[in-house]
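**Q** Place chain S on chain A using the hints.
Below are the chains, spelled out letter by letter.
Protein chains: 2
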Amino acid sequence: MAEVPVEIIDWARRERPAPLAGITAAVAVGAQLSAVRYTLDADAPVPEHSHPNEEFGQILRGSLELRVAGRTRVLRAGEAFLVPGGVPHAARALDEGCELLECYAPPRDPLPPATPSGGSS
Amino acid sequence: MAEVPVEIIDWARRERPAPLAGITAAVAVGAQLSAVRYTLDADAPVPEHSHPNEEFGQILRGSLELRVAGRTRVLRAGEAFLVPGGVPHAARALDEGCELLECYAPPRDPLPPATPSGGSS
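Residue numbers (my numbering), protein chains in the order written: chain A, 320 to 440; chain S, 320 to 440.
Hints were generated in silico from the structure; no laboratory data involved.
This structure is a prediction, so every number in the text was calculated from the model and none was measured.
Yeah, the Cβ is synthetic: ideal placement off N, Cα and C, and Gly gets one too.
A couple of the hints might just be wrong.
Claimed, not checked - Simulated restraints on C-beta separations:
| no. | chain 1 | residue 1 | chain 2 | residue 2 | range |
| --- | --- | --- | --- | --- | --- |
| 1 | S | E415 | A | D329 | 15 to 25 Å |
| 2 | A | P425 | S | D428 | 17 to 27 Å |
| 3 | S | A340 | A | P425 | 31 to 41 Å |
| 4 | S | H368 | A | H370 | 25 to 35 Å |
Just chain A, with the same shape it has in the complex (with noise of 0.2 Å):
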């Protein structure tokens, strides 16, 4: 069969620990864009980091507490955000956790890569 060329992204089959306890990320990485869903237990920080890939964030359930620039602001499901590249940023999940979909352009692939394992394909 021709390949058809569209990705189908299932996110659940993606998981894998990020490199923050309390976090995991499923990615899926494009040619001019990446994209991320976070899954944050209550209370996972996300210390300040920066890279220049620009971001754009979706709280998709519960809520994040947002703080760019010394100012905090909290997100809940449904609102959206966006932060230039190379401006620092940090976040953290608040009481009941938090699902975020994340885009970088360009592509930004935050997990470290995946260790080969004997035996999946």
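**A** Using the frame of chain A, we list chain S on its own:
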């Protein structure tokens, strides 16, 4: 107060009718990517079209029939897809309608320019 370099997005305040019947769209445009939240009525069709921008889509609610290269798939809430730039694609909301988040890179605003109306700022 100094301007904080993050854009907080309340989609409901940005919603406008799209050029296609039965569809509204709310747009956020960045420097490297743009994001659009579409709301499609039940059975609302998106005719086949293409654009050079890579397109990521996340089904937020309901379900969407996506057609690429002659193959049709039904995507449900929680699923996502990635269409490379330049690939023709079409879609249709199913019976319950669909709320769909898309990100484009480079940025793409799928709406005609807003008509300035007196009195709003």
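**Q** Next, verify each hint and record whether it holds.
**A** Against the structure, the hints:
1. S:E415 to A:D329: 15 to 25 Å: holds, 20 Å
2. A:P425 to S:D428: 17 to 27 Å: holds, 20 Å
3. S:A340 to A:P425: 31 to 41 Å: Because 35 Å falls inside the window, the suggested range holds.
4. S:H368 to A:H370: 25 to 35 Å: holds, 32 Å
Of the numbered hints listed earlier, not one is contradicted by the structure.
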